[in-house]
Amino acid sequence: MQEPLRPRQELPKTPADLLPKAPAAPQAGAGVPAGGKQVLVERFEITGNSAISGDELHQVVAPYEGKQLTLLEIYDVADLVTRYYRTHGFTVASANVPAQKVASGTIKLEVIEGRIGKINVEGERRYNENFLRWNMTSLKSGEVVRDSALERQLLVLNDLPGYSARSVIQPGDEYGTSDITVQSAEKLVDAALRLNNYGRSSIGEWRTEADLALNGLTGRGDKLEMSGVMAERGLLHYGRFRYSLPITNQGTRVSAYFARYDYNVDRNRLPAAFSSLDLDGEGDNFGINVLHPFIRSKNLNLYMGLGFDRTVTRQFERGTGTRSGEDIGVGVLTALVTYIHPDSSFSTANFSFSSNFDANTPASGKAENNAEAAKFQIDLSHFRKVYHELSVALRATGVASAKPLVDTERFRLGGPTSVRAFPSSELSGDDGYFLSAELQHPLPEWKMFDTTAKVFIDHGRVFTKEYEKLGVHHTQSLTGIGFGILAHATRYFDVDVSVSHPLGAYDSTDGEGGARVWAGFSANY
Numbered sequence: 001m002q003e004p005l006r007p008r009q010e011l012p013k014t015p016a017d018l019l020p021k022a023p024a025a026p027q028a029g030a031g032v033p034a035g036g037k038q039v040l041v042e043r044f045e046i047t048g049n050s051a052i053s054g055d056e057l058h059q060v061v062a063p064y065e066g067k068q069l070t071l072l073e074i075y076d077v078a079d080l081v082t083r084y085y086r087t088h089g090f091t092v093a094s095a096n097v098p099a100q101k102v103a104s105g106t107i108k109l110e111v112i113e114g115r116i117g118k119i120n121v122e123g124e125r126r127y128n129e130n131f132l133r134w135n136m137t138s139l140k141s142g143e144v145v146r147d148s149a150l151e152r153q154l155l156v157l158n159d160l161p162g163y164s165a166r167s168v169i170q171p172g173d174e175y176g177t178s179d180i181t182v183q184s185a186e187k188l189v190d191a192a193l194r195l196n197n198y199g200r201s202s203i204g205e206w207r208t209e210a211d212l213a214l215n216g217l218t219g220r221g222d223k224l225e226m227s228g229v230m231a232e233r234g235l236l237h238y239g240r241f242r243y244s245l246p247i248t249n250q251g252t253r254v255s256a257y258f259a260r261y262d263y264n265v266d267r268n269r270l271p272a273a274f275s276s277l278d279l280d281g282e283g284d285n286f287g288i289n290v291l292h293p294f295i296r297s298k299n300l301n302l303y304m305g306l307g308f309d310r311t312v313t314r315q316f317e318r319g320t321g322t323r324s325g326e327d328i329g330v331g332v333l334t335a336l337v338t339y340i341h342p343d344s345s346f347s348t349a350n351f352s353f354s355s356n357f358d359a360n361t362p363a364s365g366k367a368e369n370n371a372e373a374a375k376f377q378i379d380l381s382h383f384r385k386v387y388h389e390l391s392v393a394l395r396a397t398g399v400a401s402a403k404p405l406v407d408t409e410r411f412r413l414g415g416p417t418s419v420r421a422f423p424s425s426e427l428s429g430d431d432g433y434f435l436s437a438e439l440q441h442p443l444p445e446w447k448m449f450d451t452t453a454k455v456f457i458d459h460g461r462v463f464t465k466e467y468e469k470l471g472v473h474h475t476q477s478l479t480g481i482g483f484g485i486l487a488h489a490t491r492y493f494d495v496d497v498s499v500s501h502p503l504g505a506y507d508s509t510d511g512e513g514g515a516r517v518w519a520g521f522s523a524n525y
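The numbers in the numbering used here rise by one with no breaks, and the one at position 50 of the sequence shown is 50.
These aren't lab readings, by the way, just hints derived from the structure by calculation. Even glycine gets a Cβ: it sits at the ideal position worked out from N, Cα and C. Watch out, some of these pointers could steer you wrong.
[Unchecked claim] The following label-pair restraints were derived from C-beta to C-beta distances:
id: 1; residue 1: Tyr387; residue 2: Ile247; range: 40 to 48 Å
id: 2; residue 1: Ser347; residue 2: Lys469; range: 55 to 63 Å
id: 3; residue 1: Gly48; residue 2: Ile485; range: 40 to 48 Å
id: 4; residue 1: Arg260; residue 2: Tyr525; range: 22 to 30 Å
[Stated by the list, open to error] As a list, the in silico BS3-like pairs of lysine-lysine whose alpha-carbon atoms are at most 25 Å apart:
id: 5; residue 1: Lys403; residue 2: Lys454
id: 6; residue 1: Lys223; residue 2: Lys187
id: 7; residue 1: Lys101; residue 2: Lys67
id: 8; residue 1: Lys469; residue 2: Lys403
id: 9; residue 1: Lys118; residue 2: Lys140
id: 10; residue 1: Lys108; residue 2: Lys67
id: 11; residue 1: Lys454; residue 2: Lys385
id: 12; residue 1: Lys385; residue 2: Lys140
id: 13; residue 1: Lys101; residue 2: Lys37
id: 14; residue 1: Lys385; residue 2: Lys298
id: 15; residue 1: Lys298; residue 2: Lys187
id: 16; residue 1: Lys67; residue 2: Lys37
id: 17; residue 1: Lys108; residue 2: Lys223
Between the sequences and the hints, there should be enough to build the whole structure, so can you do that?
Put into structure tokens, the structure is as follows:
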């Protein structure tokens, strides 16, 4: 089976209504008439501040010292301090002018920074309340309410499987405090059923895929995932189990997975040079990894992970009785960055380094089956609107290896998520890159369908090390252009159809020249 087996890292959730809307900054001088008697303000004395230094706040009010000000203008200066706090991430802070006698031209301003009072949790069903509170221990009663701390804590909560949370801030029982209530919503099951023609014709072009995830089974943030794929005529069977759970209250998760597959190759769909082969095979893939959010915010996120993956493959050629296979284990270091730009465009960067520090140097023109000196991969994407409703989606992938890679670790081109004018895994290499640009524009709504049209161009190239010993090309490339339709019906059904045509002189190995159609249908719960 010539498709990547390693699970992809999911992007973090960023709920739109996660944080409460910042309450309107109070007007310290509300109800105070304009005009009136002026007083000479020699200096402002600010009290009650701890999160922002007095020197920093003094820079806000300094332009108004040494001036004749009315009472309303003094209140306006207090409002400037309030706005300064709000723009620096202190949602409920405010400044006012306490009752006082003006002596020696000194005006006192009192800052109420807004400290955390009680923390309440509402709406939890399967999730354990003590577990949820354990995940909020960085929010402590008596500390100043900070947007950044509250945002990170709530995003980490929302990363829990099947759990959604938003916060409500209300005045506390004690003066200057605010109570935080976390409102919960839970979803026990996530499921998806898909039908598509994303496979190679030799091992089953049309496939049925199913995913099932059980969230929070123990009430403590764990997740059990099961996935399966079955190709037409039973040419391919694939199944995967994955279990994950949190190990800290700062978003660190550990996961383990196991996958198994078997396939039979339809010799009638192989190139003529290989049509005499009678091939079948099987394999296992398993691993464990730890992932931690070093930066977690609504706009910028950085996840880093460390793991180990092992892949075992076995292939048989029944005509000659030949057996072959691979057994490779590698350590994997990953980093995932997501960023929402000020103009609402969205970028991602996924980096990975994998190695077992064993060099693969085939002396006889044949690669060893368990060596990976070093492999680097980077995946980039960017999505933005360019004109009214017209958007562009850009993708780029690059892979570089220190030595020749075993077959299951090689970089591949072709298929519905790569160069779409060619079949899945059409080319492979030790190094390579992939580039794609796609324009998207929504179409007028039709009945219950939300439809988007797209046009795209894809290009990729692979490079093979030790190519002279292996008797293959040093480098090959694929290019294609196409168009498609993506339709959503309600929240549950998706249809994705693309038509792509190859550019250049390369002929696909499945013998199907000209335009290629990819079709995928999915139902999600």
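Status of each hint after checking the structure:
no.: 1; hint: Tyr387 / Ile247: 40 to 48 Å; result: 46 Å, holds
no.: 2; hint: Ser347 / Lys469: 55 to 63 Å; result: 41 Å, violated
no.: 3; hint: Gly48 / Ile485: 40 to 48 Å; result: 59 Å, violated
no.: 4; hint: Arg260 / Tyr525: 22 to 30 Å; result: 25 Å, holds
no.: 5; hint: Lys403 / Lys454; result: 38 Å, violated
no.: 6; hint: Lys223 / Lys187; result: 12 Å, holds
no.: 7; hint: Lys101 / Lys67; result: 18 Å, holds
no.: 8; hint: Lys469 / Lys403; result: 14 Å, holds
no.: 9; hint: Lys118 / Lys140; result: 9 Å, holds
no.: 10; hint: Lys108 / Lys67; result: 15 Å, holds
no.: 11; hint: Lys454 / Lys385; result: 13 Å, holds
no.: 12; hint: Lys385 / Lys140; result: 41 Å, violated
no.: 13; hint: Lys101 / Lys37; result: 15 Å, holds
no.: 14; hint: Lys385 / Lys298; result: 20 Å, holds
no.: 15; hint: Lys298 / Lys187; result: 22 Å, holds
no.: 16; hint: Lys67 / Lys37; result: 13 Å, holds
no.: 17; hint: Lys108 / Lys223; result: 55 Å, violated
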